[in-house]
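Line order of the protein sequences matches chains A and B. The opening position of the first sequence corresponds to residue 1 in the working numbering, with each subsequent residue numbered one higher. The opening position of the second sequence corresponds to residue 1 in the working numbering, with each subsequent residue numbered one higher.
Hints in this document: simulated from the structure, not taken from any laboratory. Please note that a few of the clues may not be correct.
Here are a few chain B residues that face chain A, going by a calculated C-beta distance under 7 angstroms [stated by the list, open to error]:
{"#": "1", "residue": "174"}
{"#": "2", "residue": "184"}
{"#": "3", "residue": "329"}
{"#": "4", "residue": "330"}
{"#": "5", "residue": "341"}
{"#": "6", "residue": "344"}
{"#": "7", "residue": "347"}
{"#": "8", "residue": "349"}
Here a beta-carbon is modelled for each residue, glycine too, at the ideal position from N, C-alpha and C.
As a plain string of letters, each chain reads:
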Amino acid sequence: MTTPAAPAPAVGGLRRRRLAGLALLAAVLVAACVASIAVGAKAIPLDGVWHAVFTPTGLGDDIVVRSLRVPRTLLGVLAGAALGLAGALIQGHTRNPLADPGLLGVNNGAAFFVVIGIYAFGVTNLYGYVWFAFAGALVASVAVFVLGSVGRGGPTPVTLALAGAAVSALLAALTSAVILVDVQTLDAYRFWAVGSLAGREVEIAGQVQWFLLAGAVIGLASAPALNALSLGDDVARSLGHSVRRTRTMGIVAITLLAGSATAACGPIAFVGLVVPHIVRSFTGPDYRWLLPASALAGAALLLVADVIGRVVVRPGELQVGIVLALIGGPFFVWLVRRRKMVAI
Amino acid sequence: MAVLEKQRVPGRPALRARGMSLVWRPRYVVVLAIGVAALVLGMAANIGRGEYPISIPDVLAVLMGGGDSGQRFIILDLRLPRSLTGALVGGALAVAGAITQSIARNPLASPDMIGLTAGASAAAVFVIVLGGGFGLVGGFLAAAGLPMAALVGGLVTAALIYGLAWRRGVHGFRLVLVGIGLQAMLLAIVHWLLVVAEVFEAARAYVWLNGSLNARGWEHVLPVSVALVVLLPAAFLLAHVLGALQYGDDTARGLGVPVNRARSLLLLVAVGLASVATASAGPIAFVALVAPQIAQRLVGGARPPIGMSLVVGAALTVIADVVARTAFGATELPVGIVTAVLGAPYLLYLLARYGREARA
Numbered sequence: 001m002t003t004p005a006a007p008a009p010a011v012g013g014l015r016r017r018r019l020a021g022l023a024l025l026a027a028v029l030v031a032a033c034v035a036s037i038a039v040g041a042k043a044i045p046l047d048g049v050w051h052a053v054f055t056p057t058g059l060g061d062d063i064v065v066r067s068l069r070v071p072r073t074l075l076g077v078l079a080g081a082a083l084g085l086a087g088a089l090i091q092g093h094t095r096n097p098l099a100d101p102g103l104l105g106v107n108n109g110a111a112f113f114v115v116i117g118i119y120a121f122g123v124t125n126l127y128g129y130v131w132f133a134f135a136g137a138l139v140a141s142v143a144v145f146v147l148g149s150v151g152r153g154g155p156t157p158v159t160l161a162l163a164g165a166a167v168s169a170l171l172a173a174l175t176s177a178v179i180l181v182d183v184q185t186l187d188a189y190r191f192w193a194v195g196s197l198a199g200r201e202v203e204i205a206g207q208v209q210w211f212l213l214a215g216a217v218i219g220l221a222s223a224p225a226l227n228a229l230s231l232g233d234d235v236a237r238s239l240g241h242s243v244r245r246t247r248t249m250g251i252v253a254i255t256l257l258a259g260s261a262t263a264a265c266g267p268i269a270f271v272g273l274v275v276p277h278i279v280r281s282f283t284g285p286d287y288r289w290l291l292p293a294s295a296l297a298g299a300a301l302l303l304v305a306d307v308i309g310r311v312v313v314r315p316g317e318l319q320v321g322i323v324l325a326l327i328g329g330p331f332f333v334w335l336v337r338r339r340k341m342v343a344i
Numbered sequence: 001m002a003v004l005e006k007q008r009v010p011g012r013p014a015l016r017a018r019g020m021s022l023v024w025r026p027r028y029v030v031v032l033a034i035g036v037a038a039l040v041l042g043m044a045a046n047i048g049r050g051e052y053p054i055s056i057p058d059v060l061a062v063l064m065g066g067g068d069s070g071q072r073f074i075i076l077d078l079r080l081p082r083s084l085t086g087a088l089v090g091g092a093l094a095v096a097g098a099i100t101q102s103i104a105r106n107p108l109a110s111p112d113m114i115g116l117t118a119g120a121s122a123a124a125v126f127v128i129v130l131g132g133g134f135g136l137v138g139g140f141l142a143a144a145g146l147p148m149a150a151l152v153g154g155l156v157t158a159a160l161i162y163g164l165a166w167r168r169g170v171h172g173f174r175l176v177l178v179g180i181g182l183q184a185m186l187l188a189i190v191h192w193l194l195v196v197a198e199v200f201e202a203a204r205a206y207v208w209l210n211g212s213l214n215a216r217g218w219e220h221v222l223p224v225s226v227a228l229v230v231l232l233p234a235a236f237l238l239a240h241v242l243g244a245l246q247y248g249d250d251t252a253r254g255l256g257v258p259v260n261r262a263r264s265l266l267l268l269v270a271v272g273l274a275s276v277a278t279a280s281a282g283p284i285a286f287v288a289l290v291a292p293q294i295a296q297r298l299v300g301g302a303r304p305p306i307g308m309s310l311v312v313g314a315a316l317t318v319i320a321d322v323v324a325r326t327a328f329g330a331t332e333l334p335v336g337i338v339t340a341v342l343g344a345p346y347l348l349y350l351l352a353r354y355g356r357e358a359r360a
């Protein structure tokens, strides 16, 4: 498979830049993991972290690390990677640099089903929310995809974006209607609606891991076809790619990834929107590099934000969704002002 | 249709004064009259509804100066201000939408996109949730200061976005991107406030966040009326510039339009209207997006017409409020939920039409 997007003369330099970028991301991710395990209500020194992870004794700090910090870190890595990857995929498929997984209705679908779960079925804990949220994400994004495909050309970037906006608005209104009728539902829902890694650790990651894995495999496998698609639907067709099949694969991957992450942590904005823009600055538009790098960067970003949230308002903690928006917002504005965004 | 009309214009009588001109269009006048009639009937139905129902003829009689004192109190002091607020807010939002859609040359552009709503929401929820915590001043702020806080929040946010997006002129795309960045932060603050709030304060905030006309009185009518009286003529005066902007910046410059200044002034008018409207009734979804488009379909033409958008937006909001108050038995929903439920299918209709055009 040739690389249609890479300019020929700069290939050597570009490759070095990509490898350096990936290495840097990996280093940041490892550092973030260590910090995520070490920082918290009880600070654990680095040798303690090492000790607990590799030669545990089952005493003292080791229990904190192995039963709380490591699962939480793992969940952060999984959810962050899923959101970063989903963000890169949906920006590619909608050819819209402002798209994030929420555009497919994932967040509002999950929210509506969680509210129904609370209101009609009396579900009260996070483990119960997971399946409602996941089902809602699936139903909403399938609806968006089907509605976005009604035109002759099948799902196109514009029809997907419009269908996403319409379905999201409808679901948000229905969610509000239920919440306003029942104060108790509002009380339970508002804590879910702020994305967080706290208290949703081991079992929840276990509940969604296979969906995450399937989504990641499908998404990464679609990279070459997505490269062709970025040259335009007609070019992709003439290169022998089925546009409809590629789009379907992409939507399935985005739904599985973003749906699992949202089910596990609640709606987390910004990772899917910002990460592909940052990553594109060193990978260029080639999806075979962009997708894995976005996964790495998403994981690192989510973990860093989670650690910051645990530090800034001691002894309490700020939910990761809020931290992300508060540091991500200014960063995003700075990015927009600094230079021209790399076009998709 | 639009093309046909353009060809017929030369044969029509035109009214001219000081460089402004107006073409006599019978269709516009007829549709406008129907729109106003729908608005009046909608308001009469809205005023008649309630725990103490009053028939539409009685409502009209009271509005003309008749009726008994009980009916006069209920209608003039309680229900008329609510309906008027709805009509004015809907009209203001629709005009703001018509302007932003014309400037952006995009039917999906609405004031929400420039971040106004999020700024107003964050300020309003801040007052609702924390307002009670500052003693007397807080109590006063929470009661009378809520619309003021929302107004200031919306205007400050709009100024911030405009300033941050300014780099040798404001590019539409950069404006939207900066707006998205700021919106994400403001909405995070709203979410955080909802989590730390007492549950009943959170419920109050949620009602406001969905756009509600509940318990709106004359004090809510006044600011929107003033804003409309001041800004609407400005919108009409600047409207002839919109026509030139339609063909792109360079063409507009070639036609002698000072593009950056005109766009800034028009944005200012739109921001003023939208933020005063949002301050009065909360962010009512979809009116700014849908009303200008409906108005344009009704009267034809190349861009959303301002006067017609005003009437359509007002009628739409009042009728949606009737539905919000009646459709769910004893529970009154915020009007914004109804406009969102009605607006979403409209977006889908746009989508289906897009599909047909692609086929044709």
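To see whether the hints hold, each was checked on the structure:
1. 174: holds, 6 angstroms
2. 184: Result: holds, 5 angstroms to nearest chain A Cβ.
3. 329: Violated, because the Cβ-Cβ distance from residue 329(B) to chain A comes to roughly 11 angstroms (cut-off 7 angstroms).
4. 330: Hint violated; residue 330(B) Cβ to chain A Cβ min 10 angstroms, cut 7 angstroms.
5. 341: holds, 5 angstroms
6. 344: holds, 4 angstroms
7. 347: holds, 4 angstroms
8. 349: violated, 9 angstroms
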